[in-house]
Amino acid sequence: MRLSSEANKADLQIRSEGEKFIIKLAGRLDASTTGEIWRQTQQRLDRENPKEILVDASGIEYADGSGIAFLVDLRCRQQDRKGKFKIRELRDELNQLLNLYAPPTFEKPPPEKLQSFHIPEELGRLTYTIWSDWKASVIFIGELATNLAFAVLHPRSIRWREVLLIGEKAGVNALPIVVLISFLVGLIMAFQSAIPMRQFGVEIYVANLIALSMLRELGPLMTALTLAGRTGSSFAAELGTMKVNEEIDALLTMGIHPVRFLVITRIAAAVIMTPILTVFADLVGVMAGSLVLLSMGYPLVTYVNQVLSAVSWIDFSQGLLKSIVFGLVYSSIGCLRGLQTETGPSAVGDSATRAVVGGIIMIVVVDGIFAVIFYILGI
Amino acid sequence: MTSSGKNIIQVENLTVGYDETVIVEDVSFNVKEGEIFVILGGSGSGKSTLLKAMIGLLRPLAGRTLIDGEDLCAADEKGQLRILKKIGVMYQSGALFGSMTLSENLRLPLEEFTDLPREARNLISCLKLNLVGLKGYENYMPSEISGGMKKRAAIARAMVLDPRILFLDEPAAGLDPITQAEVDQLVLSLARNLGITFIIVTHELPSIYAVADRLIMLDKSSRKIIAEGDPHYLRDHSDNPRVRRFFRREADPGSV
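Residue numbers (my numbering), protein chains in the order written: chain A, 1 to 379; chain B, 1 to 256.
Hints listed in this document are in silico derivations from the structure and should not be mistaken for laboratory results. Careful, some of the hints might be misleading.
[Stated by the list, open to error] List of simulated lysine to aspartate or glutamate pairs, EDC-like, C-alpha gap at most 16 Å: (1) A:K108 - B:E138; (2) A:K86 - A:E19; (3) B:K6 - B:E33; (4) A:K24 - A:E61; (5) B:K32 - B:E12; (6) A:K82 - A:E107; (7) B:K135 - A:E107; (8) B:K86 - A:D30; (9) B:K220 - B:D252; (10) A:K9 - A:D30; (11) A:K108 - B:E119; (12) B:K220 - B:D26; (13) B:K85 - A:D30; (14) B:K6 - B:D68.
Build out the structure end to end from the sequences listed, making use of the hints.
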C-alpha cells in the first residue's frame, strides 16, 4: 500500500511465513505517514500475535521521531509478549538514531494511571484543607492585630505616601462605580416601593424608607460589596504576583515583614477610603429616591424634610462604623489570600477568586452581627 | 558536518527594537542547513530580541528574515503555519504549560498537528523525554521538577514534531556543568544524526567551543555584529579586542 502526503511517501508490506512476521518498510517514515502505518500494523499484530517479527528496513530513506517511535513500539511489544524481534538492514544513521532515542535497555513506560476517587480520602483532604486554612487565618489575624496595634501606636511607622497612592487607586478611582450603583439602587428601590405605597396613599413615606435603608444598610453594604470585588481582588492579585515573583521572599530575607510593609498600608487605605465612599453612596442613593417623588408631583423640600425627620445622626454613624469594619474585612481577606498564593499559572487567579468570595461572605456575615448588636443595644 | 551549503535562514538588513529604542541595527547573516549557529553577546546586546524577531514574535523595524526561503511576517495564515512547523523554539524560562504534565506538554503539538494514534503519541513523548534524560518524569507537573529539568523538558517539547530548525534561547543557563555537557551532546547528536539546524543564543563559553560551527557576536554599543566565524579562530585571531576579551573572559579595561 502506498501512503502519501504532499511529497512524503511510505510503503508498508506485511507478509507472514508460518509464525514469522515480515514487515517491509520503505520510503519516508515521518509524522505524516507513520500514523497510518502504525494503525495498520497494530491491527494485524493484535489479530495474529506472531512469535517472531522481522522488520526489513532496507527501503527506509528517512525516519524522524515518529518513525523511530514506531520501530521502538514494535520492539517493546515483542519484549512484552516474549517474542523475537529483529530489524534488518536499517541504515547506519537511523540505527544510531534508534539507539540514541531508545537504547536496548529502554522499557516502555507503564500506561497512565487514571486518578481514582475515594470518598474517605477526599473527605480527609477537605477536612485537612479547611483546618489548615483556619490555622493560617488565625496566624494571619494574630500577625495583623499586632502589626495594626503597633501602627496605631506609632502612626509615623506607616508609609503614608504608599497609603495615599493605594487610596487613590482603590478609593478615588472607584467613586464612579460606587456612585452609579447606589444611584441605581436608590432609584429602583424608591420606584418599586412607591407603586404599592401609592395604593394606600402613603407614598411620602418612600422618603423614610429610602433614607433609613440607605444610611443604615444599603449604602455601606453596596459600597463594601463593590469594593470587595474591585479592590479586594486587586490586592490579592498584586500580592499574589509578588509572591510568585519571589518578591515576598526578598522582603523576608531583608528582615522586612510583609504584613507590616505591604498589608498595613493596604488596610489603612481601605479603612480610610471605604467610609468616605459610603458617604457618597448614602448621599447619591437618597438623592436618587427623590427623583421618584418629584415625578409624582411632590416638591423637593417636602422630600428633604421627610428625610430629615426620619433619620438621625445615629443612623448615619452606624452606617459609617459598619463601613469601617467592612473595609478592614475585605482588605485583610484580599491581602491574606494574596500572601497565601501558591505557584503555578492559575495561582494568582485562584487567590483573586478566593479573595472576592471570602470578602463578600464575610461582609454579609459581619453585617448580620452588627444587626444583632444594634438590636440588643436598642439603637 | 552534514552542512549541505544551502542557506536555510537568511537574515537581511534586520533592524529590531521596541518603539523608539533600536536594539539591533541593520544586521545580515545566513545560517546553513545542518549547522549549529550561535548568537553571542554580552547582557543587553539584543541576543534574545534578535531571536524573537527571527521567529516572528517581534515585528522588525526594517529588513526581513527568510526561513527556508519564506518570510514569516509576510506570509498568510496558512504559510505561517507551514513555516512554524519547520521550527521549534525553546524559551529561556522553559515556558512549559503549568497546568499540564510533562507528557501532556509534549503531546499537545502531536495532537494538534498529526494523525498519529494515541499510543503512538504517548510513546513519542516518552522517547523524546528519554532523549533528554527525563524518563520516568512523564506524569510530573512542571512545578514539581527542577529548573534544569524544566529546560530539558522544554527542549524535548521544542523537537517533538521533529522540526528542521531548533531555536534555543540560553539552553545552558542555570544548569550544572554535567547537565550542560549533556545538553551539548544532545545538540551535537541531533544535528549530526537528524540534520537539524540549531540557532542557539548563549554566552556559555564551554558550550560554544563544544558545539558551535559558526557564531556571530553582537555588540551593545554599536548595535551591530562585531565578529562572525569559528569560535576557536576568533579567540586567537580576531582583530577586535572586545571579541578577544570575551573569549578570554577578561573584564573591559576601566569597567570596575
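Evaluation of the provided hints:
1. A:K108 - B:E138: Since the Cα atoms of K108 of chain A and E138 of chain B sit roughly 12 Å apart, the hinted pair holds (cutoff 16 Å).
2. A:K86 - A:E19: holds (14 Å)
3. B:K6 - B:E33: holds (6 Å)
4. A:K24 - A:E61: holds (13 Å)
5. B:K32 - B:E12: Holds, at roughly 14 Å.
6. A:K82 - A:E107: It holds: about 13 Å lies between the C-alpha atoms, which stays within 16 Å.
7. B:K135 - A:E107: holds (10 Å)
8. B:K86 - A:D30: holds (13 Å)
9. B:K220 - B:D252: Given pair K220 of chain B, D252 of chain B holds - Cα atoms ~13 Å apart, limit 16 Å.
10. A:K9 - A:D30: Answer holds: K9 of chain A to D30 of chain A is near 9 Å, not above 16 Å.
11. A:K108 - B:E119: holds (11 Å)
12. B:K220 - B:D26: Holds. K220 of chain B to D26 of chain B sits at ~13 Å (cutoff 16 Å).
13. B:K85 - A:D30: holds (13 Å)
14. B:K6 - B:D68: holds (9 Å)
Consistency note: the structure conflicts with none of the earlier hints.
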